[in-house]
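Sequences and hints are given; from them, build the entire structure.
Residue numbers (my numbering), protein chains in the order written: chain A, 1 to 84; chain B, 1001 to 1084; chain C, 2001 to 2160; chain D, 3001 to 3160.
No wet-lab data here; the hints were simulated from the structure.
Honestly, I wouldn't trust all of these hints.
Distance ranges between label pairs, derived from CB positions [unchecked claim]:
no., chain 1, residue 1, chain 2, residue 2, range
1, A, G18, D, Q3068, 17 to 27 angstroms
2, C, D2005, A, K4, 29 to 39 angstroms
3, C, Q2139, A, V62, 48 to 58 angstroms
4, D, Q3079, A, E20, 33 to 43 angstroms
Using 20 angstroms as the maximum straight-line C-alpha spacing, the simulated SDA-like pairs for lysine to any residue come out as follows [stated by the list, open to error]:
no., chain 1, residue 1, chain 2, residue 2
5, B, K1004, C, T2066
6, C, K2134, B, K1004
7, B, K1050, B, G1072
8, A, K52, D, R3147
9, A, K4, D, E3011
10, A, K50, D, A3146
Partner residues aside, some chain C positions facing chain D, computed with beta carbon under 10 angstroms [to be verified]:
no., residue
11, T2016
12, H2019
13, V2025
14, R2033
15, S2035
16, G2098
17, H2110
18, A2114
19, A2116
20, C2118
21, E2119
22, W2143
Even for Gly, the Cβ is constructed at its ideal location relative to N, Cα and C.
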Amino acid sequence: MPIKILYFASLRETLGLGQESLELNATIDSVATLKNHLAARGEPWTALAKMKNLRAAINQRVVNADNAIADGDEVAFFPPVTGG
Amino acid sequence: MPIKILYFASLRETLGLGQESLELNATIDSVATLKNHLAARGEPWTALAKMKNLRAAINQRVVNADNAIADGDEVAFFPPVTGG
Amino acid sequence: MQEADFDVGAEIAALTAGHARAGAVASFVGLVRDSDHAAEHGGSGEDHGTPATINAMTLEHYPGMTEQALEDIVSEARQRWNLLDVTVIHRVGRLLPGERIVLVAVASAHRGEAFAACEFVMDYLKTRAPFWKKEETPQGGRWVDAREADDQAASRWSQA
Amino acid sequence: MQEADFDVGAEIAALTAGHARAGAVASFVGLVRDSDHAAEHGGSGEDHGTPATINAMTLEHYPGMTEQALEDIVSEARQRWNLLDVTVIHRVGRLLPGERIVLVAVASAHRGEAFAACEFVMDYLKTRAPFWKKEETPQGGRWVDAREADDQAASRWSQA
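Here you go:
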């Protein structure tokens, strides 16, 4: 079962993409390894590696880079929040 | 010109009086001496001496006991405030 | 000071109507509660062990001085923080449980200043504005005692 | 979350309607300002020396996570203070200067708890709830940068 990846705000605009699906494999098993995999696609995906303070959530909870990802998870990447 | 004296809240009720006029003299020249003069009238005026945390204002500004009183002043005595 | 109730939403909206830089409004509404003040706090008086029902509350004030005291408090808040506008409304007369007593609303560019100033105005109002509350309870009338907690709250601002 | 505006007075009144012990409601309303956020602060970016006019603001959010984040924040506030009720409303979509963005209202028996909880919810909302602001200025669209001051404000609550 693939994971769902969501992008928000300036990151969504930079990538020109709001969401996608991806099949996990042995080398993509955490937020950090997923981020590296995506950034390795080249421009504009390098933004994921370059953006300072990139935030990530798994299943709608904020997580750290070393957090594991499992099949079927909803993973989101976004800049620091600015509501209120 | 006499001074005007105002009493508020529980003090007003205890004294059964909201306001009065009084002529100053050589022995009544400050908040403290005025208070002593009034308390010396006997019951229920001793309440002025007995009440802890009695507050006083001259011309609608809170003052200390040693504050001088002048002819024509408006002097008020009241318990600690409890609004809001 | 007024006997009539006030419209919280309208007051807050009016506060920012002329201020395009206003990004923040902090406000406070104080209400008549249904049970005894001292008892709720464990009591400044030992004879208030259980909360007494309050049927009504009468607010007395010192006409003339009240206006001056509120102006002084708002003026001090404006000196301490960068505020765009401040509204203070305090009712007097007889009020029932659930009725609004007081509104303080502060508009500023940023929320930190709005919150601090609003709390400051309330703390000073509670200790410096000449209002007195008398509760009507089933056991009779009772003037509310000043709370030490209110003095402590107000004294924070002079230590800062 | 909603696109529609909200009625501050009605929300505050509703908050205390069922709570006879409510003596205090602290609330906060955040509004769209007419000039640039970063510039007002002296700027996290050096290229914002003078305030830029803001024509409109668009608020994006993360549906699903937003609800969860706000629930978590309110739940933490209720653990920290003795609160009677809490309302949080945050608008999304395109808003004009002067329009309301957010309402936080907290009812408690006493004002100290109401003020603290209201400010806590705002500080956490600003740093933990997935909303993002994009300003429309005469120079074009611009995503608002997160403010270090907001992180500092939120971090106060973990030191306490």
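request  = For the range 29 to 39 angstroms, tell me whether the beta carbons of D2005/C and K4/A fit it or not.
outcome  = Violated: the Cβ-Cβ distance is about 52 angstroms, outside 29 to 39 angstroms.
key: Interface hint compliance - W2143/C to chain D, C-beta minimum distance less than 10 angstroms   = violated (17 angstroms)
Per-residue hint verdict: H2019/C, partner chain D, C-beta under 10 angstroms = Holds - the Cβ of H2019/C comes within 10 angstroms of chain D, reaching about 9 angstroms at its closest.
task = Decide if the proposed pair is consistent with the structure: K1050/B and G1072/B, CA atoms, cutoff 20 angstroms inclusive.
result = Not OK: K1050/B and G1072/B at ~27 angstroms, beyond 20 angstroms, violated.
ask   = Once the shortest beta carbon distance from S2035/C to chain D is found, is it less than 10 angstroms?
value = holds (7 angstroms)
task = Look at the Cβ atoms of G18/A and Q3068/D and judge whether their distance stays inside 17 to 27 angstroms.
result = Once the Cβ atoms are compared, 19 angstroms apart, the range 17 to 27 angstroms for Q3068/D and G18/A holds.
ask   = Does the structure keep K52/A and R3147/D at a Cα separation of 20 angstroms or less?
value = Status holds; Cα separation ~14 angstroms.
message = Given R2033/C as an interface hint, is its Cβ closer than 10 angstroms to any Cβ of chain D?
response = This hint holds: R2033/C lies near chain D, its Cβ roughly 4 angstroms from the closest one there, short of 10 angstroms.
request  = So, T2016/C near chain D? Judge it on the closest CB pair being under 10 angstroms.
outcome  = This hint holds: T2016/C lies near chain D, its Cβ roughly 6 angstroms from the closest one there, short of 10 angstroms.
task = Double-check C2118/C for me: the hint is only fine if its C-beta lies closer than 10 angstroms to a C-beta in chain D.
result = holds (8 angstroms)
key: Interface hint outcome for V2025/C [beta carbon to chain D under 10 angstroms]   = holds (4 angstroms)
task = With a cut-off of 20 angstroms on the C-alpha distance, tell me whether K1004/B and T2066/C pass.
result = Answer holds: K1004/B to T2066/C is near 17 angstroms, not above 20 angstroms.
Hint compliance for this structure: hints 2, 6, 7, 9, 22 are broken, all remaining hints hold.
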